[in-house]
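Mind docking chain B on chain A? Use the hints.
Protein sequences appear in the order of chains A and B. For the record, in the first sequence the residue sitting at position 239 is 239 according to my numbering, with numbers rising by one throughout. So my numbering is basically just the index in the second sequence, starting at one, shifted up by 240.
Nothing false has been slipped in among the hints.
Not the full set, but computed from the structure, chain A residues with beta-carbon under 10 Å of chain B:
#1 Gly11
#2 Gly22
#3 Gly71
#4 Asn73
#5 Phe74
#6 Asp75
#7 Tyr185
#8 Ser200
#9 Ala201
#10 Gly205
#11 Leu207
#12 Pro218
#13 Asn221
#14 Leu226
#15 Pro227
#16 Trp234
Since the hints were made in silico from the structure, they are not lab data. From a predicted model like this one, the values you see are computed outputs, not experimental measurements. Just so it is clear, CB atoms sit at the ideal spot from N, CA and C, and this is done for glycine as well.
There are 2 protein chains.
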Amino acid sequence: MSKIPVIEIFGPTIQGEGAVIGVKTMFVRTYGCDYRCGWCDSAFTWDGSAKDKVQLMEPEAILNELLDLAGDNFDCVTISGGNPALIGESMADFVKLLHERGIQAAIETQGSRWQDWFYDIDVLTISPKPPSSGMVTDWEKLDDIINRLRLAGKAAHSLKVVVFNEEDFAYARNVHRRYPEIPMYLQPGNEDVTEPGDISARLLGRLEWLFNLVIADPAMNRVRVLPQLHALIWHNKRGK
Amino acid sequence: MSKIPVIEIFGPTIQGEGAVIGVKTMFVRTYGCDYRCGWCDSAFTWDGSAKDKVQLMEPEAILNELLDLAGDNFDCVTISGGNPALIGESMADFVKLLHERGIQAAIETQGSRWQDWFYDIDVLTISPKPPSSGMVTDWEKLDDIINRLRLAGKAAHSLKVVVFNEEDFAYARNVHRRYPEIPMYLQPGNEDVTEPGDISARLLGRLEWLFNLVIADPAMNRVRVLPQLHALIWHNKRGK
Numbered sequence: 001m002s003k004i005p006v007i008e009i010f011g012p013t014i015q016g017e018g019a020v021i022g023v024k025t026m027f028v029r030t031y032g033c034d035y036r037c038g039w040c041d042s043a044f045t046w047d048g049s050a051k052d053k054v055q056l057m058e059p060e061a062i063l064n065e066l067l068d069l070a071g072d073n074f075d076c077v078t079i080s081g082g083n084p085a086l087i088g089e090s091m092a093d094f095v096k097l098l099h100e101r102g103i104q105a106a107i108e109t110q111g112s113r114w115q116d117w118f119y120d121i122d123v124l125t126i127s128p129k130p131p132s133s134g135m136v137t138d139w140e141k142l143d144d145i146i147n148r149l150r151l152a153g154k155a156a157h158s159l160k161v162v163v164f165n166e167e168d169f170a171y172a173r174n175v176h177r178r179y180p181e182i183p184m185y186l187q188p189g190n191e192d193v194t195e196p197g198d199i200s201a202r203l204l205g206r207l208e209w210l211f212n213l214v215i216a217d218p219a220m221n222r223v224r225v226l227p228q229l230h231a232l233i234w235h236n237k238r239g240k
Numbered sequence: 241m242s243k244i245p246v247i248e249i250f251g252p253t254i255q256g257e258g259a260v261i262g263v264k265t266m267f268v269r270t271y272g273c274d275y276r277c278g279w280c281d282s283a284f285t286w287d288g289s290a291k292d293k294v295q296l297m298e299p300e301a302i303l304n305e306l307l308d309l310a311g312d313n314f315d316c317v318t319i320s321g322g323n324p325a326l327i328g329e330s331m332a333d334f335v336k337l338l339h340e341r342g343i344q345a346a347i348e349t350q351g352s353r354w355q356d357w358f359y360d361i362d363v364l365t366i367s368p369k370p371p372s373s374g375m376v377t378d379w380e381k382l383d384d385i386i387n388r389l390r391l392a393g394k395a396a397h398s399l400k401v402v403v404f405n406e407e408d409f410a411y412a413r414n415v416h417r418r419y420p421e422i423p424m425y426l427q428p429g430n431e432d433v434t435e436p437g438d439i440s441a442r443l444l445g446r447l448e449w450l451f452n453l454v455i456a457d458p459a460m461n462r463v464r465v466l467p468q469l470h471a472l473i474w475h476n477k478r479g480k
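Extracted from the complex, chain A is given alone in its bound form (with noise of 0.2 Å):
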């Protein structure tokens, strides 16, 4: 069975932001991705500043490192990275396993990429990049993700921007009414991702912010915006 690259394993804790907003999660951190946004959280996953911290598990060891954490306190695990996309069967493999316990799946992926796990996962969250992160989205591939995804009719999808300022906004606007029928969730950026301390003073001023942009735009009536509650409650700590 072929292997996962892993940085990070931890829960249960709560999802704070997207389409599941609160619910109780485990997580699962891939390695590697294939952007390398500038303002990323996560940019152990891909910098080589943690390299060596990577395990190459495969599904079963995944799931019972979880087991082993958690016991029977959690029935979701959110797989994120990193972009979890760049892995093919094994990831299929650990989803089934997952399943096979009545456990939910839920991802996070930019839409780069297409793997045919997609149809299996529960909570499918496509976010598209905006400009502020350096990097250029490819419609032609974020069109054949959501088409398969539409074709399929099954996967409950949904589609996530992080926004740090009006051109990012613009970007959102663009991606809302590129696929207006998909539930589209706004999030404020954090833009200090190594501050330390208490950051929630500031993050609640952005989440004011975008509130305001939303409420006077007509065009975005049915979005929703949401903070990274996790952000709001532990700041920058990792591993929360």
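Same frame as chain A, now just chain B:
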């Protein structure tokens, strides 16, 4: 056409809590309640202090005021109270008017009264009140409401319990065990709804407390814990 007792109409703003947290919405607040919760954040809807501000309005007049306030800058109207379920035929008419314009109707009620128009609500939140409220849940009535919705199989409904202390948390566990298939939201209570100024640090402290209770409890693997975003941003200000 019969009339609706209205005490506040405002928006557009962002829905701060529950199943559609983060979505842009208008608010219509009805007057009158069959409950007297000790910690009610809208006691002016029933304690007589704002009785002179109540207007008896026809559904068409409410819709016109919403359109005057916001034009086409909303797709959702949240009907809150007081207890909007005290209102019969005129509320059915109002919801019909909204739907004719493609506007969603969201409503929150404590589950003490049934109305046939519940079937037509797009986002129906049933929020039974825990012991700290001083109210006593009529379980037979609540069962009846949940069962009618279950049999209809079409209303998008969820349960929400506000939690102030461990006794409330035990109550929420009971509600979740009684209706396990219904999406369930927990929300930390705001212990001082008149405190002026920035109350976000206090509210985030209570959110962390509730996160930790849920994280530790395998019976709560599927509930969702959410703050009141509007209170984090706009504090105890009315009309936001």
